[in-house]
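J.: Sequence lines, in order, name chains A and B. Mapping the first sequence onto the UniProt record's numbering, position 161 (from 1) lands on 161, and the numbers just tick up by one. Mapping the second sequence onto the UniProt record's numbering, position 283 (from 1) lands on 283, and the numbers just tick up by one.
Don't read these hints as lab results, they were simulated from the structure. Hints may be right or wrong, so weigh each one.
[As the list claims (entries may be wrong)] The calculated SDA-like cross-link candidates involving lysine to any residue, where the alpha carbons are at most 20 Å apart (straight line), are: (1) K133/B with L19/A; (2) K225/B with E198/B; (3) K111/B with S12/A.
[Claimed, not checked] Some chain B residues near chain A, calculated using beta-carbon distances under 7 Å: (4) R78; (5) G85; (6) D91; (7) I94; (8) D105; (9) L109; (10) L183; (11) G187; (12) S220; (13) T221; (14) L280.
[To be verified] Sample of chain A residues facing chain B (criterion: CB under 7 Å; computed from the structure): (15) R17; (16) R97; (17) V243.
C-beta: ideal position from N, C-alpha, C; glycine also.
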Amino acid sequence: MSTLSLAVRDSSTMLRRNLLHARRYPSMTLNLLLTPVMLLLLFVYVFGGAMSGGTGRSAYVAFLLPGILLMTIGSTTIGTAVSVSTDMTEGIVARFRTMAIHRGSVLFGHVVGSVLQCLMSVVLVGAVGVAIGFRSHDASVLEWLAAFGLVALFALALTWIAIGMGMASPNPEGASNSAMPLILLPLISSAFVPLHSMPGWFQPIARYQPFTPGIETLRGLLLGSEIGDNWWIALAWCAALTVLGHRWAKAQYDRDPR
Amino acid sequence: MSTEPAISARQLRKSYGDRLVLDGIDLSVPQGTVFSLLGPNGAGKTTAVKILSTLVAADAGELRVAGHDLAVDAQAVRARIGVTGQFSAVDGLITGEENMLLMADLHHLPKREGRRVAAELLARFGLTDAAKKPASTYSGGMKRRLDIAMTLVGDPRIIFLDEPTTGLDPRARHTMWQIIRDLVTGGVTVFLTTQYLEEADELADRIAVLHEGRIVAEGSTEELKRLIPGGHIRLRFTDPAAYRSAAGALTEAVRNDELLALQLPSDGSQRELRSVLDQLDAEGIEADELTVHTPDLDDVFFALTDSSHQTDRTTEALR
Numbered sequence: 001m002s003t004l005s006l007a008v009r010d011s012s013t014m015l016r017r018n019l020l021h022a023r024r025y026p027s028m029t030l031n032l033l034l035t036p037v038m039l040l041l042l043f044v045y046v047f048g049g050a051m052s053g054g055t056g057r058s059a060y061v062a063f064l065l066p067g068i069l070l071m072t073i074g075s076t077t078i079g080t081a082v083s084v085s086t087d088m089t090e091g092i093v094a095r096f097r098t099m100a101i102h103r104g105s106v107l108f109g110h111v112v113g114s115v116l117q118c119l120m121s122v123v124l125v126g127a128v129g130v131a132i133g134f135r136s137h138d139a140s141v142l143e144w145l146a147a148f149g150l151v152a153l154f155a156l157a158l159t160w161i162a163i164g165m166g167m168a169s170p171n172p173e174g175a176s177n178s179a180m181p182l183i184l185l186p187l188i189s190s191a192f193v194p195l196h197s198m199p200g201w202f203q204p205i206a207r208y209q210p211f212t213p214g215i216e217t218l219r220g221l222l223l224g225s226e227i228g229d230n231w232w233i234a235l236a237w238c239a240a241l242t243v244l245g246h247r248w249a250k251a252q253y254d255r256d257p258r
Numbered sequence: 001m002s003t004e005p006a007i008s009a010r011q012l013r014k015s016y017g018d019r020l021v022l023d024g025i026d027l028s029v030p031q032g033t034v035f036s037l038l039g040p041n042g043a044g045k046t047t048a049v050k051i052l053s054t055l056v057a058a059d060a061g062e063l064r065v066a067g068h069d070l071a072v073d074a075q076a077v078r079a080r081i082g083v084t085g086q087f088s089a090v091d092g093l094i095t096g097e098e099n100m101l102l103m104a105d106l107h108h109l110p111k112r113e114g115r116r117v118a119a120e121l122l123a124r125f126g127l128t129d130a131a132k133k134p135a136s137t138y139s140g141g142m143k144r145r146l147d148i149a150m151t152l153v154g155d156p157r158i159i160f161l162d163e164p165t166t167g168l169d170p171r172a173r174h175t176m177w178q179i180i181r182d183l184v185t186g187g188v189t190v191f192l193t194t195q196y197l198e199e200a201d202e203l204a205d206r207i208a209v210l211h212e213g214r215i216v217a218e219g220s221t222e223e224l225k226r227l228i229p230g231g232h233i234r235l236r237f238t239d240p241a242a243y244r245s246a247a248g249a250l251t252e253a254v255r256n257d258e259l260l261a262l263q264l265p266s267d268g269s270q271r272e273l274r275s276v277l278d279q280l281d282a283e284g285i286e287a288d289e290l291t292v293h294t295p296d297l298d299d300v301f302f303a304l305t306d307s308s309h310q311t312d313r314t315t316e317a318l319r
């Protein structure tokens, strides 16, 4: 068998394994969805009056949802960090390493599995958003596709970072803790309140962290607001995090286990 | 069939940081035999298995497994070996059957054949009833059996078993021994590590004793037992006066004044025993306890590894 077909075959076997985990234990995935969905409902129905500043509930749902969707990705990849760490601490990866299989297939299975899970989660949370009144402002098919593409790239970037975190953690609990920034960062982005409402010294931090440019680009695509330079900052973040996470994860994976 | 050893190592060295784990070990395992690496915790057994099974790179040494140089073609070695580590390498989130099918897929077996092999091995290891349950719900013995069954999916000719019975109850341990014997009957070469001397005695054709990163002895069970002095007769007294007069009568005995015990070299024969008893009778001395000790692998092990252990053990036996 050629190297390529071996790689494809083993990678798809590993992907099937990861999807089987997700299917067998949907509670894990659903638990991770709980945070973004609860925040969505809490901010719309409980704080919504104060947050929207009198523009009305449906306007605030529209403002809020893009940030909640990216937060959903952060939350889902915490599960990825935990499952990578579980794999590494149990003997199963050691078994894979002593078999004549494509070496990269273990990570590949995690990456593709995680991105697919993120997309599913985003669709589910998006459906909740639509159910409570989210409507796009005449977004074209192309804008919907671009939005979907951005979500996928964002999922890939956070997945690689989460895999790096999972491998660096001594145990699954540690992985879950070290991946916390992935859902905390959206809280200090423009997800819940506009940037100009934040203190001046804090605005640059919120403005250029990975989530805000992504959120602003999604808003622009779906709601027709001004995108400006946010689209390329978002893409740059995605590319940088993907490369960084990939390097980090691979360096740790290639190291001899103790 | 070639006569090249299934596994051979020359001057294998490995250290982690400045801790030397394997200090130049040599070993050679002929095809179709069971080789046991015996040693206390921390002796380097697991490291040796990790290196020979391609998991970890050696610092130095000439290593050949299944006819391939480990440094040159690890992937070819991987295609011919099976490894069952100290900690069960099963995927606890999926069922036993799914674990088996995962292995079949990774060995690139056609679907139908994969199902057949999986079902056969599950039946052989008594796991058919549990096949549809998640592996995390299995008992320790079942997990270990599933682990070995997974290792056998690719029909490896060389199998590494790192402490396969550690933590198992006696029944599960005997089941595991039978599994290993059956493998050898099928012509498989087994490289086994254990800290149980009984296990090495039961299973291995050759045993190497690993201590602090060095092989301190190697040979068959019989050869190893011949390495240390034979058995002895032990006499224990409660009355110090009786102890003193016995020590006076049996001049060749080694004294332990603290425990009031005497130890005489003996081959355990009836004649020797009688002569000791005759001497005691002649002096009118009665020992409170008499034990005859024949050498076993434990003696070899303790003699070779740590002298302080031997004292501990003697103390324990005399209590």
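J.: Under the constraints set out in the numbered hints, which ones does this structure not fulfil?
T.: 9, 10, 11, 12, 13, 14 and 17
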